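Enquirer: Chains as they are written, first to last, in our numbering: chain A, 1 to 460; chain B, 1 to 220; chain C, 1 to 317.
Everything labelled a hint here was simulated from the structure, so no lab data went into it. Note that the structure is predicted; figures quoted are calculated from it, not measured. We treat Cβ as the ideally placed atom computed from N, Cα and C, and that holds for glycine. Do not take every clue at face value.
To spell it out: a stretch of chain B is covered by chain A in this simulated footprint if at least three of its residues, at any positions, have a beta carbon under 8 angstroms from a beta carbon of chain A; those stretches are [what the hints assert, rightly or not]: (1) 5-12; (2) 24-30; (3) 119-129; (4) 146-156; (5) 199-206.
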Amino acid sequence: MADGMRRYAGVAAATVVLVAGLALDVAVAGGGTVTALGGELRADALSAFMLTVVGAVGLTATWSGMGARSDPPPSTSYAALVVLFLGAMSLGVLADNLGVLWVAVEATTIATAFLVGHHRSRRALEAAWKYVVLGSVGVAIAFFGIVLLYAATRSAGAATLSWATLSSTQPDLDPSLVRLAAALTILGFATKAGLAPMHSWLPDAHSQAPAPVSGLMSGVLLSVAFYAILRVQAIAAPVIGTGMMRGMLATAGLLSLGVATLLLIAQRDLKRMLAYSSVEHMGVLALAAAVGGTLAIAAALLHVLGHGLAKASAFVASGWILETEGTTRLEDLRLLFRRRPGVAVPFLVAMTALLGLPPFSLFFSEVAIVVAGVQRGMTWVMAGAVLLLLGAFAALARQVASIAFGAADGDPGPPPDWSAPGRRFPLGVALGVTAVAAFVAGPFADLLTDAAGVLGAAAG
Amino acid sequence: MPESTYTQLVELSAALLLLCAVLIVWRRSLGAQIRLLAVQGWALAGLVAVLGVHEDSVELVSVAVLVAVLKGVVLPRVLSRTTAADRAAAREETPLINTTASLLAVSFLTMLAYLVSRPVLVLGSTPAVAAVPVGVAMTLLGFLVLSTRRHAVSQLIGFLLLDNGIATVAFLTAGGVPLVVELGVSLDVLLVVLILQVLTSRIRTEFGDADLDDMTELHD
Amino acid sequence: MSASAAVFSLSQVLVVVALSPLVIGLMRTVRARLEGRVGGGVLQPWRDLRKLLRKEPLVADGRSWWAVAGPLLLMSSSLAVCALTPLLGTVTFDRLPDDLFVVVSVLLLGTVAVALVGLDAGTAFGGMGSSRHMTISALVEPTVLLSVYALSIPVGSSVLSEIVEARLDDPATVLSPVSLLALLALTIAVVAETGRLPVDNPATHLELTMIHEAMVLESSGRDLAWLELGSWLRLGALMGLVSTLLVPWGVASELSVVGLLVAILALAAKLAVAATVLAAVEVALAKVRLFRVPELMAGSFVLAFLAVTASYLVVQG
Numbered sequence: 001m002a003d004g005m006r007r008y009a010g011v012a013a014a015t016v017v018l019v020a021g022l023a024l025d026v027a028v029a030g031g032g033t034v035t036a037l038g039g040e041l042r043a044d045a046l047s048a049f050m051l052t053v054v055g056a057v058g059l060t061a062t063w064s065g066m067g068a069r070s071d072p073p074p075s076t077s078y079a080a081l082v083v084l085f086l087g088a089m090s091l092g093v094l095a096d097n098l099g100v101l102w103v104a105v106e107a108t109t110i111a112t113a114f115l116v117g118h119h120r121s122r123r124a125l126e127a128a129w130k131y132v133v134l135g136s137v138g139v140a141i142a143f144f145g146i147v148l149l150y151a152a153t154r155s156a157g158a159a160t161l162s163w164a165t166l167s168s169t170q171p172d173l174d175p176s177l178v179r180l181a182a183a184l185t186i187l188g189f190a191t192k193a194g195l196a197p198m199h200s201w202l203p204d205a206h207s208q209a210p211a212p213v214s215g216l217m218s219g220v221l222l223s224v225a226f227y228a229i230l231r232v233q234a235i236a237a238p239v240i241g242t243g244m245m246r247g248m249l250a251t252a253g254l255l256s257l258g259v260a261t262l263l264l265i266a267q268r269d270l271k272r273m274l275a276y277s278s279v280e281h282m283g284v285l286a287l288a289a290a291v292g293g294t295l296a297i298a299a300a301l302l303h304v305l306g307h308g309l310a311k312a313s314a315f316v317a318s319g320w321i322l323e324t325e326g327t328t329r330l331e332d333l334r335l336l337f338r339r340r341p342g343v344a345v346p347f348l349v350a351m352t353a354l355l356g357l358p359p360f361s362l363f364f365s366e367v368a369i370v371v372a373g374v375q376r377g378m379t380w381v382m383a384g385a386v387l388l389l390l391g392a393f394a395a396l397a398r399q400v401a402s403i404a405f406g407a408a409d410g411d412p413g414p415p416p417d418w419s420a421p422g423r424r425f426p427l428g429v430a431l432g433v434t435a436v437a438a439f440v441a442g443p444f445a446d447l448l449t450d451a452a453g454v455l456g457a458a459a460g
Numbered sequence: 001m002p003e004s005t006y007t008q009l010v011e012l013s014a015a016l017l018l019l020c021a022v023l024i025v026w027r028r029s030l031g032a033q034i035r036l037l038a039v040q041g042w043a044l045a046g047l048v049a050v051l052g053v054h055e056d057s058v059e060l061v062s063v064a065v066l067v068a069v070l071k072g073v074v075l076p077r078v079l080s081r082t083t084a085a086d087r088a089a090a091r092e093e094t095p096l097i098n099t100t101a102s103l104l105a106v107s108f109l110t111m112l113a114y115l116v117s118r119p120v121l122v123l124g125s126t127p128a129v130a131a132v133p134v135g136v137a138m139t140l141l142g143f144l145v146l147s148t149r150r151h152a153v154s155q156l157i158g159f160l161l162l163d164n165g166i167a168t169v170a171f172l173t174a175g176g177v178p179l180v181v182e183l184g185v186s187l188d189v190l191l192v193v194l195i196l197q198v199l200t201s202r203i204r205t206e207f208g209d210a211d212l213d214d215m216t217e218l219h220d
Numbered sequence: 001m002s003a004s005a006a007v008f009s010l011s012q013v014l015v016v017v018a019l020s021p022l023v024i025g026l027m028r029t030v031r032a033r034l035e036g037r038v039g040g041g042v043l044q045p046w047r048d049l050r051k052l053l054r055k056e057p058l059v060a061d062g063r064s065w066w067a068v069a070g071p072l073l074l075m076s077s078s079l080a081v082c083a084l085t086p087l088l089g090t091v092t093f094d095r096l097p098d099d100l101f102v103v104v105s106v107l108l109l110g111t112v113a114v115a116l117v118g119l120d121a122g123t124a125f126g127g128m129g130s131s132r133h134m135t136i137s138a139l140v141e142p143t144v145l146l147s148v149y150a151l152s153i154p155v156g157s158s159v160l161s162e163i164v165e166a167r168l169d170d171p172a173t174v175l176s177p178v179s180l181l182a183l184l185a186l187t188i189a190v191v192a193e194t195g196r197l198p199v200d201n202p203a204t205h206l207e208l209t210m211i212h213e214a215m216v217l218e219s220s221g222r223d224l225a226w227l228e229l230g231s232w233l234r235l236g237a238l239m240g241l242v243s244t245l246l247v248p249w250g251v252a253s254e255l256s257v258v259g260l261l262v263a264i265l266a267l268a269a270k271l272a273v274a275a276t277v278l279a280a281v282e283v284a285l286a287k288v289r290l291f292r293v294p295e296l297m298a299g300s301f302v303l304a305f306l307a308v309t310a311s312y313l314v315v316q317g
């Protein structure tokens, strides 16, 4: 019984979150909101969408990350920490109070700290240390910004950190103070989102953590940090305009793309490659936030979903590769497609999605972001972004190709192994959703537009 | 409380907070730094209590007690337990920049803090707001310690100094943040320190000592 | 105005000359008692001076006229400092204000004089002592300047008497954080400048640890008497300055017999207390290694710097 609980706790929690997210999606259709706990928890279209993302990515990572039934179940602390992680993320997107959002993001640092250092090797400890210290410092800076924001609201007579109050009443806040507050808060959450130049913890942490945890962190944690940036941007924009924040986010976005491209070129480790790909995609999201406006934000949200699902799948598949091959060094994984198509195929499909190839939704969301950027006058920035994206594409494709193609040695070797040490069904579903998401019209698109609209007049 | 006494008490606590921060950068012994952190925690609690009495807020006074317990007692005790296992290396012998340079950096950072805090001064000309640069300076000094020390516990001390600085600014500008957030933040800080303590002991077991310069295996 | 200023200056010189050896004697006695010894008594420095003054100075071959002139210059600068600093009264000459920069420059004259005496001897220890002495002085001067400057900002003038008068008028400034920080920095600077522990051990007989003693190693007789008395006067005057800044009460604002007597008694009391405290702290401290002295000086510099920035902000509001 206890074994079963430990084994399925993560999946159960993720399912609950996903179901709640879908229910809320329906409930807030048309621009409504759902509140609970006297307004402390508030679900508008954006929160509902993010909750769905948390649930979907969480379910993908936990379900497919479950070992075979014959494997021993995970330890109690591992299961508890995963559940805590999902709970904190859900609280973060549903909280009305910016301070509670901050507490939730910090709580995930705490929850994942031991998960990152789970393997207790020298490298895992190094990664865990860097992750906790850099993450906490970044979050502390964000807290500093929130404190200043609170002070600004207090001096304007309406002391509050509630998103609902701030966006509806738009009190008369002092611009210079809000500018400082917004800059610090965005800087802090950008550290947590893995944007350059504060990204250095990301490759270490994501490469050393167990694969499902990396998937959760890349897919969920980075997305919720990005969500926090969007919320803060929306609050600050009516007071200080979009200029400074646009500059900050565009710089961070281009820097992230640049750093990711550079470090993908000569990358030797599979999981670090995936981590830098996360940095790249967060750069794309930062650019979308810089652009602002309904098209860009809706595309960003679609990108969040697509990236989350694809990245989680890729990480889980990389975990299987580690388990079956015993290594994550790329040069040892050549022609894996021939030897073990069972694990290589899911990995390659996920990588195709991450490369931004159609029909996967990431292609469409990236295109939409560039189009929106050009529409709103950031042509040069978008040009730079496209160049860097192509560079990253080339670097990543080269690495992926070495796994899939290449001249055989001539020696046929053992027959191809179609098995996989985990469940491929949830992976298939996740990647399938990513494939069709861009084509699904109707309620899904409306949800995205509503969510972008929540950030509303502020975004543009 | 008469206005002049209030002003003096606020100034005195702010000065004590800054002095502790400077001495933490100055001193090399980890034990001394931890004691200074404890004193700083008590000074911060005193500041919050003065603010609470001045504004007749029971909530603030109870937060002062929380701060005193957490930052003045619990966190230093956790830190000393971490260093207790490390008798030989309980001194920071090789910081990345030597003490004289660190102290000159302190002067520079304090000036920077005053410059950066100018937008905050629009909040009014109360003695509390006038002391905000002290909080910003403490934050910057925390950054300095965090980034120029090699010993794991020194980085922890820098992080706590950073956190104290932010808390000081929070209390001076806004009388703190809503109670719920304050509790959450305190809990988070405590948990982070506990985590880092556990990580430190694991690092010590794996690497033999807690010198972070040995941890350079992960790179591109 | 200038008559009363002259009376005050003269009395300051006489009183400090009389009291400084007693201050040194008191410090040695306190140290001795705390260390479990009896000590030579409070009047021993006077007895040493009397002995030295009666002896003929022995000057080595190759020494120049500086062996005689240097000690005299040190004495003059120390006497000038005693005359200028507002120890007994805040009345000053019109043409010669006791401005901060004037006092520091005069102190520096004495510093350089002693250093040159050490170099003049041509011995290795003398040169070593001089170089160490100048290193420390170079680090100490900015701190002294900054800390008194911090105290002068609220007053708007760097004239020491005006600073003391302002502190007399408004006792609250004495206990303000700016003032305490500045005085802490000034104390550390004074300890370094006058060669007390933890920077220099005046009772050491190990030449390699000497700073001040190394410079006077080759002097004897009258020259040594002037050198010793000169440095004692510096210590007395600087300690008097710090105590007056910390506890301004007792300083007379205008000339009167009663006021002058009260001021003398107050100064004696302040010096006695300061001497006892300093001696007690010295017993507890170990001498800081020479390469760590810059750290100590940098720390006191930072404190003084913080005091200056803080006092600017307090003034701006």
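Enquirer: Identify every previously stated hint that the structure contradicts and give their numbers, smallest first.
Expert: Hint check: 1, 2 fail, others pass.
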